Amino acid sequence: MIAPRPSPGAGRVALVGAGPGDPDLITMRGAELLASADVVVHDRLVDPELLARARRAELIDVGKQPGGAKAMQEAIHAILIERARRGAFVVRLKGGDPFVFGRGSEELDACRAAGIPCEVVPGVSSAFAAAAAAGIPVTERGIARSVAIVTARQGEGLDDTPPDYAALARMDTVVVLMGRERVAEFARGLIAAGRAPTTPAAMIERGTWRAQREVNESLGAIAEAAERARIASPAVLLIGPTAARAGRQAMRSLEGVRVLMTRPPSASRGLVRTLRERGADVIDAPLIRIRYPDPLPALPPLKGFQWLVVTSLHGVRGLARALDAQGLDARALAGPRVAAIGAKTASELERVLGVRADLVPAEHRATALTAAIGAQLDPGDRVFFPCGTLAREETAATLRGHGAEVVEWTVYETLPAPPDESSRERIRQGIDAALLYSPSGVRSLVEHRVDLGDALLICVGPTTADAVRAAGVSRLTQGPIVAERYGDEGVLEALERAVRERRRSGGQDIPVEATDHA
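Every number in the numbering used here is 26 more than the matching position in the sequence shown, counting from 1.
In short, the hints are calculated from the structure, not lab data. Treat the numbers as computed from the prediction; the structure is a model and nothing was measured. There could be a bad hint or two in this list.
Claimed, not checked - Quick list of the computed label-pair ranges, beta carbon to beta carbon:
| # | residue 1 | residue 2 | range |
| --- | --- | --- | --- |
| 1 | Glu100 | Gly220 | 38 to 46 Å |
| 2 | Met54 | Leu354 | 33 to 41 Å |
| 3 | Ala270 | Glu58 | 35 to 43 Å |
What the hints assert, rightly or not - In silico DMTMM-like links for lysine to aspartate or glutamate, alpha-carbon gap of 25 Å or less:
| # | residue 1 | residue 2 |
| --- | --- | --- |
| 4 | Lys329 | Glu389 |
| 5 | Lys329 | Glu303 |
| 6 | Lys370 | Asp350 |
| 7 | Lys370 | Asp514 |
| 8 | Lys370 | Glu515 |
| 9 | Lys370 | Asp355 |
| 10 | Lys370 | Glu420 |
| 11 | Lys370 | Glu389 |
| 12 | Lys370 | Glu434 |
| 13 | Lys329 | Glu431 |
Yeah, the Cβ is synthetic: ideal placement off N, Cα and C, and Gly gets one too.
Can you build the whole structure from these sequences, using the hints too?
Below you can see the structure in the form of structure tokens.
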């Protein structure tokens, strides 16, 4: 049958393998297509850092929760075809490889039947990557020369008959995907088919992710070991002689520490990467979201102002958006002196607009900024303040107290954001530390009833710590921990120091540093 021709102006679709979890393991071709996509239709387990690389794309989550509600496959096909027919370039971002238990062939067939050009970009499958990340070769000369990959779930609408355990028992290495809930069943089936109960086995949770954990035991004991270690999905089960190699050689500074990141991904990408590189299991659950008004307000002439004050990265970005919407550039800001609340905001101002701040206080606090400006104000001086909808009263009121006329210009909204259900479930399982960045984030924490238990609360500065104390969020006797240096570096230092102290005291369930572990 000849497929219908694409309609004039039709777009195209690319089925892109996102890889096994670590956002750096996407292929170069996949990353290139992701960056140029108009629409990204993505799975549940795709790392937010990877989605952030699709800078201009509409993001559509069609992720399927295990045992929960799911976007039907036909609905996914409809989204791909409908967006492509509008003329969009659509990237269907699928975990692992699109053609390894990923239903990629069904999506390819649907696009072809609709006359939509469709490219397939292979990805690194967790079947091999998780094993490699745990130090396990799936084949090894003289030990294992065959490997079988099997899924524990057939999928909705299909006969869920057991696999051919007799055939699998004859393979040197067996890799079971999506097998966390059925590990005991697989072990029993293989043993009944003749595989020795003493055969080495390993279960690897979140393979290649910074939060990777693994247990290794005999086939007869792997189910109990996984339960005891609270191994959770997604996890890969590997059975065979090479599984005896499981286990990393050294623990990193934050190995196994579960950290809640409460800041929007656009602001936290670099720190999240560093946390994962140091072994942390990062739960990315922003408690606030930033929305820029549409349309943005028109920029007034600034020649009559003595100061331009920016107190956040979003203020800088909102200012840049407003200028761009009016066809203006940094020349429109000529006239007033420029003050930035801290080095990071000053750096963003220079990066985005090419404007260098005249004043940056040594301490990153609104009080330090207003005191430094106030010392240089004359009565009646005018201050232009591009700001958000929250946390601006202190700055504006203090400057007015110094005799300035302050014009507040709202360029972004700070809105509370509840964690999604997946993040809530992981938080319920227990976290070791939460990173808090603003009073508005703390308010959102309380509003959405997020229980942090006995987690260490690391605050970016004293203003946020004051909000934590006022809200009564911390259960620890020492209360919130305040970073000694403002910014990501200070937050990281405070977190690592607090984790070291808790490990020394034997508190909570943070893994104790060791030379090796399984």
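Evaluation of the provided hints:
1. Glu100 to Gly220: 38 to 46 Å: 41 Å, holds
2. Met54 to Leu354: 33 to 41 Å: 37 Å, holds
3. Ala270 to Glu58: 35 to 43 Å: 39 Å, holds
4. Lys329 to Glu389: Violated - the C-alpha atoms of Glu389 and Lys329 are around 29 Å apart, more than 25 Å.
5. Lys329 to Glu303: 48 Å, violated
6. Lys370 to Asp350: 22 Å, holds
7. Lys370 to Asp514: 10 Å, holds
8. Lys370 to Glu515: Status holds; Cα separation ~11 Å.
9. Lys370 to Asp355: 21 Å, holds
10. Lys370 to Glu420: 20 Å, holds
11. Lys370 to Glu389: 12 Å, holds
12. Lys370 to Glu434: Given pair Lys370, Glu434 holds - Cα atoms ~22 Å apart, limit 25 Å.
13. Lys329 to Glu431: 14 Å, holds
In this structure, the earlier hints numbered 4, 5 are contradicted, and the remaining ones agree with it.
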